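K.L.:
The whole structure should be built from the sequences, with the hints applied where relevant.
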Amino acid sequence: MHSPSNTVTSNSVSVSVPVSKPRRAGRVLLVVLGLLALVGALGFVKFSQISSLMAMGKAYEKSGPPPESVSSAVSQTQDWQGQLTAVGSIAPVKGVALSNDSPGIVSKIDFESGDLVKQGQILVELDTSVERAQLASAVVRHDLAVVNVNRSHALIKESVISQSQVDNDEAQVKSASTDAQSLQAQINRKIVRAPFSGRLGIRAVNVGQYLNPGTTLTVLQAVGAVFVDFSLPQQQLAMVSNGMPVRVTIEDSNLPPLDGTVAAIDPTIDSTTRMIKLRAAVPNPDEKLSPGMFANVAIVLPGAGTVVTVPVTAVVHASFGDSVFVIEDKKPDSPGAKTTPDGKIIKNARQQFVRLGESRGDFVAIADGVTVGQEVVTAGAFKLRNNSPILVDNTVKAEPQLNPKPENH
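Residue numbers (the numbering used here): 3 to 411.
Keep in mind the hints are simulated off the structure, nothing from the lab.
You may find that some hints are simply not true.
[Claimed, not checked] Calculated lysine-lysine pairs in the BS3-like style (CA-CA distance at most 30 angstroms, straight line): (1) LYS349 x LYS60; (2) LYS349 x LYS385; (3) LYS399 x LYS349; (4) LYS385 x LYS60; (5) LYS333 x LYS96; (6) LYS279 x LYS332; (7) LYS290 x LYS120; (8) LYS110 x LYS120; (9) LYS159 x LYS176; (10) LYS333 x LYS349; (11) LYS399 x LYS333; (12) LYS332 x LYS60; (13) LYS60 x LYS346; (14) LYS333 x LYS346; (15) LYS332 x LYS349; (16) LYS399 x LYS332; (17) LYS399 x LYS346; (18) LYS385 x LYS346; (19) LYS60 x LYS333; (20) LYS385 x LYS399; (21) LYS96 x LYS385; (22) LYS290 x LYS279; (23) LYS96 x LYS110; (24) LYS96 x LYS120; (25) LYS333 x LYS385; (26) LYS60 x LYS48; (27) LYS332 x LYS346.
[Said to hold, decoys possible] Across the chosen pairs, the derived CB separations fall in these ranges: (28) ARG276 x GLY84: 16 to 24 angstroms; (29) PRO285 x GLN354: 25 to 33 angstroms; (30) PRO287 x VAL148: 48 to 56 angstroms; (31) SER139 x ALA224: 38 to 46 angstroms; (32) ALA93 x GLY359: 26 to 34 angstroms; (33) ASP81 x GLN121: 43 to 51 angstroms; (34) ALA240 x LYS385: 40 to 48 angstroms; (35) GLY59 x LEU31: 40 to 48 angstroms; (36) GLU289 x LYS385: 21 to 29 angstroms.
Quick caveat: nothing in here was measured; it's all calculated off a predicted structure.
Using N, Cα and C, we set each Cβ at its ideal position, and we do this for glycine too.
P.N.:
Spelled out as structure tokens, the structure:
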């Protein structure tokens with residue numbers, strides 16, 4: 003195929019002129035110009051967007067982050083009675099696992115699970131029919147020996163029998179008496195009695211069951227008082243002594259605090275933990291405290307001291323230290339707005355590291371880092387960082403208490 007062309011005839015000579023190449027070049031030029039215009043338009047749009055975002059970022063940087071809404075409280079002084087706190091465990095004043103001394107078959111059970119028993123009360127009897135028959139035989143032999151020795155004493159006075167016969171008859175009396183006592187002791191070993199007054203646990207045996215020596219029948223715990231065993235660091239040894247008052251509380255319980263006294267202090271210190279063991283005696287008239295229970299123990303020290311306190315919710319715990327956020331007015335030269343559009347004052351939260359003391363109720367003592375009268379963040383501190391802008395809103399706030407008593411719903 004040939005491209006179309008214009009033919010010019012002159013003096014019988016024909017010339018063909020092609021016309022498609024200029025047209026193609028013009029079309030390519032138009033496409034290129036169109037693409038350049040499109041790229042320029044897109045570049046202008048993107049430039050405008052980026053310029054707008056940069057301007058907005060500078061404006062945000064100048065105004066600072068938006069303020070966080072928090073609750074606050076003012077640090078205050080309180081007079082706290084000095085005390086040493088620890089975690090303890092309830093232990094019985096007297097407590098044993100009752101078991102049988104001799105083997106045998108259970109013939110009678112004289113108690114039920116949870117009974118209150120008196121000292122010496124019979125609890126379990128094993129079969130003693132064989133021993134009782136042997137005892138009856140021994141008693142008969144003893145009675146006969148007594149008759150014989152009395153007869154021998156009468157005859158010796160008349161010189162009818164020799165003294166050796168009398169001695170033999172007296173020995174028979176003693177031997178028969180010893181045999182009877184031995185059999186009675188065997189019978190007594192098959193009768194289990196309460197070694198002291200208290201409350202029994204769950205019965206673990208039944209009538210007709212064969213028991214090996216040492217089989218646990220039940221447990222017996224004394225009532226009326228309990229011990230609380232706990233430990234303190236060796237540094238506090240010089241501060242405690244026998245007879246000091248102790249206050250015991252059971253966590254997550256409706257029981258009121260129970261008062262007791264330090265009953266014993268272990269004379270040795272654990273070489274591994276460097277802790278000293280102590281034991282407190284606490285009355286338990288209503289049997290509300292059971293052995294094995296977890297308890298919080300506080301030894302009350304003489305005298306009271308004044309401490310700076312804040313609510314425990316104000317403290318932020320971290321691996322690098324404990325801190326609180328102290329609320330301050332924003333400085334005049336600080337960046338960001340001083341008020342919100344609706345006129346609320348924006349304040350500054352400064353992170354302050356503190357050294358904590360003991361905790362009581364909803365309060366914690368601050369040993370160092372906070373002074374009296376400083377306002378600290380109590381709710382919302384987890385979302386703050388140093389010098390964060392904040393809005394204080396105390397319209398809804400739980401009031402901390404020294405002895406909180408939350409209601410169950």
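K.L.:
Confirm or reject each hint.
P.N.:
Comparing the hints with the structure gives:
1. LYS349 x LYS60: 22 angstroms, holds
2. LYS349 x LYS385: Satisfied, since the Cα-Cα distance of roughly 15 angstroms is no more than 30 angstroms.
3. LYS399 x LYS349: 19 angstroms, holds
4. LYS385 x LYS60: Status holds; Cα separation ~24 angstroms.
5. LYS333 x LYS96: Violated, at about 68 angstroms.
6. LYS279 x LYS332: Since the Cα atoms of LYS279 and LYS332 sit roughly 52 angstroms apart, the hinted pair is violated (cutoff 30 angstroms).
7. LYS290 x LYS120: 20 angstroms, holds
8. LYS110 x LYS120: With a Cα-Cα distance of about 18 angstroms, the restraint between LYS110 and LYS120 holds, given a limit of 30 angstroms.
9. LYS159 x LYS176: 22 angstroms, holds
10. LYS333 x LYS349: With Cα atoms ~9 angstroms apart, LYS333 and LYS349 stay inside 30 angstroms; holds.
11. LYS399 x LYS333: Holds - the C-alpha atoms of LYS333 and LYS399 are around 27 angstroms apart, at most 30 angstroms.
12. LYS332 x LYS60: 21 angstroms, holds
13. LYS60 x LYS346: 24 angstroms, holds
14. LYS333 x LYS346: Distance of about 16 angstroms is within 30 angstroms: holds.
15. LYS332 x LYS349: 5 angstroms, holds
16. LYS399 x LYS332: Holds, at about 24 angstroms.
17. LYS399 x LYS346: 19 angstroms, holds
18. LYS385 x LYS346: Holds. LYS385 to LYS346 sits at ~20 angstroms (cutoff 30 angstroms).
19. LYS60 x LYS333: Roughly 21 angstroms separates the two Cα atoms, so the pair holds.
20. LYS385 x LYS399: 18 angstroms, holds
21. LYS96 x LYS385: 53 angstroms, violated
22. LYS290 x LYS279: Holds: LYS290 and LYS279 sit about 24 angstroms apart, inside 30 angstroms.
23. LYS96 x LYS110: Holds: LYS96 and LYS110 sit about 26 angstroms apart, inside 30 angstroms.
24. LYS96 x LYS120: 14 angstroms, holds
25. LYS333 x LYS385: Roughly 22 angstroms separates the two Cα atoms, so the pair holds.
26. LYS60 x LYS48: OK: LYS60 and LYS48 at ~18 angstroms, within 30 angstroms.
27. LYS332 x LYS346: 13 angstroms, holds
28. ARG276 x GLY84: 16 to 24 angstroms: 22 angstroms, holds
29. PRO285 x GLN354: 25 to 33 angstroms: Given about 45 angstroms between the Cβ atoms, the range is violated.
30. PRO287 x VAL148: 48 to 56 angstroms: 54 angstroms, holds
31. SER139 x ALA224: 38 to 46 angstroms: 41 angstroms, holds
32. ALA93 x GLY359: 26 to 34 angstroms: 30 angstroms, holds
33. ASP81 x GLN121: 43 to 51 angstroms: Given about 48 angstroms between the Cβ atoms, the range holds.
34. ALA240 x LYS385: 40 to 48 angstroms: 45 angstroms, holds
35. GLY59 x LEU31: 40 to 48 angstroms: 42 angstroms, holds
36. GLU289 x LYS385: 21 to 29 angstroms: 48 angstroms, violated
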